[in-house]
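2 protein chains.
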Amino acid sequence: MPRGPVDVPALVAAAREGAPRAVARLITLVENADPALREVMAALAPHTGRARVIGITGSPGVGKSTSTSALVSACRARGSRVGVLAVDPTSPFSGGALLGDRIRLSEHALDPDVYVRSMASRGHLGGLSWATPQALRVLDGAGCDVVLLETVGVGQSEVEVAGLADTTVVLLAPGMGDGVQAAKAGILEVGDVFVVNKADRDGADVTVRDLRGMISLGDRSEPGRWRPPVVKTIAEKAEGVDDVMEALDKHLAWMQEGGALRERRVHRASREVEAIAVRTLRERMGDVRSGHGLDELAAEVVDGRTDPYAAADRLVASL
Amino acid sequence: MPRGPVDVPALVAAAREGAPRAVARLITLVENADPALREVMAALAPHTGRARVIGITGSPGVGKSTSTSALVSACRARGSRVGVLAVDPTSPFSGGALLGDRIRLSEHALDPDVYVRSMASRGHLGGLSWATPQALRVLDGAGCDVVLLETVGVGQSEVEVAGLADTTVVLLAPGMGDGVQAAKAGILEVGDVFVVNKADRDGADVTVRDLRGMISLGDRSEPGRWRPPVVKTIAEKAEGVDDVMEALDKHLAWMQEGGALRERRVHRASREVEAIAVRTLRERMGDVRSGHGLDELAAEVVDGRTDPYAAADRLVASL
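Taken in order, these protein sequences are the chains called A and B.
Position 313, counted from 1, in the first sequence is what full-length UniProt numbering calls 313; the numbers after and before it change by one each time, with no gaps.
Position 133, counted from 1, in the second sequence is what full-length UniProt numbering calls 133; the numbers after and before it change by one each time, with no gaps.
Isolated chain A, as found in the complex:
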């Protein structure tokens, strides 16, 4: 991709027209934390807030990419423009990280109304939580009606990423002990819709029953709260995908009625603003560092003339 100085108005205009290269370039700016993002986000702001963000998470092997692909088809059948953002919190590599997924999504490769992108955390602590909402914002501003945010369910990261979606789909497969794993990983708390994929395999009904049991035991069963449905699919044959779409629509309607949609989005935006603010402050500290202010404070700490808290107070005061 050619890299010149960024012509933000032209780039944003092209992205809003749906030009894949322009969208790609904008997300690369996000990945690189490019200073031009300020201008990009200011230009995109009036055009955001329209996309429906659906998170899809699950352990490796549950059929995540096949399910995502089937959902893309279902959204396309409704005429929606679709963005897929595949986030791998375990990989420091971008682009190639989820190559497998991108190949599987290749059935949509020639569809101009489907945009697929992989992102990785690049090994930065907090990098994912910083970059993902801004990438979603780009896809939203670029006119996607639906964005599927796909993430590998490993450790805590999928819970974090799920916090960015309007609706979170947790995928499981029979016979992986997923029920218990879900409970352990805190996934029961974040799923709005549970999908037991590979439902033609032994044990599918047991997994469904286990899940329903666990949901009915949790506080999700309280009145007024959304009670997550459990849907069976065979994504490879596109079986059950309509049921998933129906569950997604019901959840959206429920959220719109009760105000939960706006609440989630405000929460998401507040975390996004906070992450940007922390980064801004870190950059200012970097300026202090390059001006040797921080080193002088640190030398005082090393000499025992002050303690790190008092030094930190002085650092904060100097920002």
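Keep in mind that the hints are not guaranteed to be accurate.
Some chain A residues near chain B, calculated using beta-carbon distances under 8 Å [to be verified]: (1) Glu31; (2) Asn32; (3) Ala33; (4) Pro35; (5) Gly213; (6) Met214; (7) Leu217; (8) Asp219; (9) Met245; (10) Arg262; (11) Leu294; (12) Leu297; (13) Val301; (14) Val302; (15) Asp303.
In silico lysine to any residue, SDA-like type, Cα no more than 25 Å apart, as pairs [to be verified]: (16) Lys250/B / Asp303/A; (17) Lys250/B / His267/B; (18) Lys250/A / Ser65/B; (19) Lys232/B / Ser65/B; (20) Lys232/A / Gly61/A.
Treat the hints as calculated values from the structure; they're not laboratory data.
Here the structure is a predicted model, which is why all the values come from computation and not from measurement.
Note that beta-carbon positions come from the ideal geometry of N, C-alpha and C, so glycine has one too.
Based on the hints, put chain B in the right spot on chain A.
Just chain B, lined up with the frame of chain A:
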């Protein structure tokens, strides 16, 4: 452990006398990010800067705890007070996380001049880099002459933890493909002393040769730079431990002569101060959040009336 209001002066005085319970309590305050830490660190400041911090890292199975235990014995033979801080960046659990290590270190359990403590990251992003230097500071202030900072070499975290040590020992074992792994993990860059443990196993000499080759190829071979020695040990039989001690002493002497020791410590303190400052700022943002200021900004972002960067600027300005 009894939890009352913290009597900081009494606790610090007891820790300086080497009372293990007082040291334990102080490190628990660090793990819990207790507000009393400000006072603790202010009281400890004049008594810090004396401990020599030796980082020990390596993949699971290379004999890390046995080697640590052998080094503890060697330090004790010199009459040094020793602290061992075992940090597991992969575990969200404290205390029990490295139980195996603590059991193996049990030969020193009755020695009042050896203090052993495990810490875990508790799943907080940045938690480890925040807590570890402060725990080192506690052990330093409690009169440890040497602190062995042991960490599991997984991913990027050991590089981070190694940055906290005066001298970093990278442990390897023959036949684990460790040479290549070390190069991949960036461990070649952080090791000041390389130890090939289990040297009675097949392939030990190959591992030593590979390592020396890689070191001589890298920029560590430039004149004026420390060229990391490669030492063979059989930690279980305490063989080669004297050679490791000699290598450690040479590295310390080299660092003292050239000013690198102070440089490293200033760098370490500056990261510590920075981490505390970032936390302070995050707490202030939390105050903004509970005052609904952040939510109002986030609502404007959701409505497209402003963008997240402009909102972050206003958030920062309000701190």
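Verification of the hints:
1. Annotation: glutamate 31/A was flagged as interfacial toward chain B, and the flag is violated, the nearest CB pair being 16 Å apart, outside 8 Å.
2. A distance limit of 8 Å between C-beta atoms decides the matter here; for asparagine 32/A the minimum to chain B is near 15 Å, and the interface restraint is violated.
3. The closest approach between the C-beta of alanine 33/A and any C-beta of chain B is roughly 12 Å, which is over the 8 Å cut-off, so the hint fails.
4. The closest approach between the C-beta of proline 35/A and any C-beta of chain B is roughly 10 Å, which is over the 8 Å cut-off, so the hint fails.
5. Interface hint status for glycine 213/A: violated, as the beta-carbon distance to the closest one in chain B is roughly 26 Å, over 8 Å.
6. Nearest Cβ of chain B to the Cβ of methionine 214/A: about 22 Å, over the 8 Å cut. The hint is violated.
7. Here the hint on leucine 217/A is broken, as its CB sits about 24 Å from the closest CB of chain B, past 8 Å.
8. Using the Cβ-Cβ criterion of 8 Å, the hint placing aspartate 219/A at the interface with chain B is not satisfied: the shortest such distance is roughly 22 Å.
9. Residue-level restraint check for methionine 245/A is violated (minimum Cβ-Cβ distance to chain B is 25 Å; threshold 8 Å).
10. Taking 8 Å as the C-beta cut-off, the interface hint given for arginine 262/A holds, the closest approach to chain B being about 7 Å.
11. Interface hint status for leucine 294/A: upheld, as the beta-carbon distance to the closest one in chain B is roughly 5 Å, under 8 Å.
12. Given hint, leucine 297/A at the interface with chain B, holds; its Cβ is 6 Å from that chain's nearest Cβ, closer than 8 Å.
13. Nearest Cβ of chain B to the Cβ of valine 301/A: about 4 Å, under the 8 Å cut. The hint holds.
14. The closest approach between the C-beta of valine 302/A and any C-beta of chain B is roughly 5 Å, which is under the 8 Å cut-off, so the hint is satisfied.
15. For aspartate 303/A, the interface hint holds, the least distance from its beta-carbon to any beta-carbon of chain B being 7 Å, beneath 8 Å.
16. A C-alpha spacing of about 23 Å is found between lysine 250/B and aspartate 303/A, which places the hinted pair at or below 25 Å, so the restraint holds.
17. Taking the CA atoms of lysine 250/B and histidine 267/B, the gap is near 21 Å; set against the 25 Å cutoff, the hint holds.
18. Using a Cα cut-off of 25 Å, the hinted pair lysine 250/A and serine 65/B is violated, with the two alpha carbons roughly 55 Å apart.
19. Distance check on the hinted pair: lysine 232/B and serine 65/B sit about 16 Å apart at the alpha-carbon level, within 25 Å; holds.
20. Taking the CA atoms of lysine 232/A and glycine 61/A, the gap is about 16 Å. The hint holds against a cut of 25 Å.
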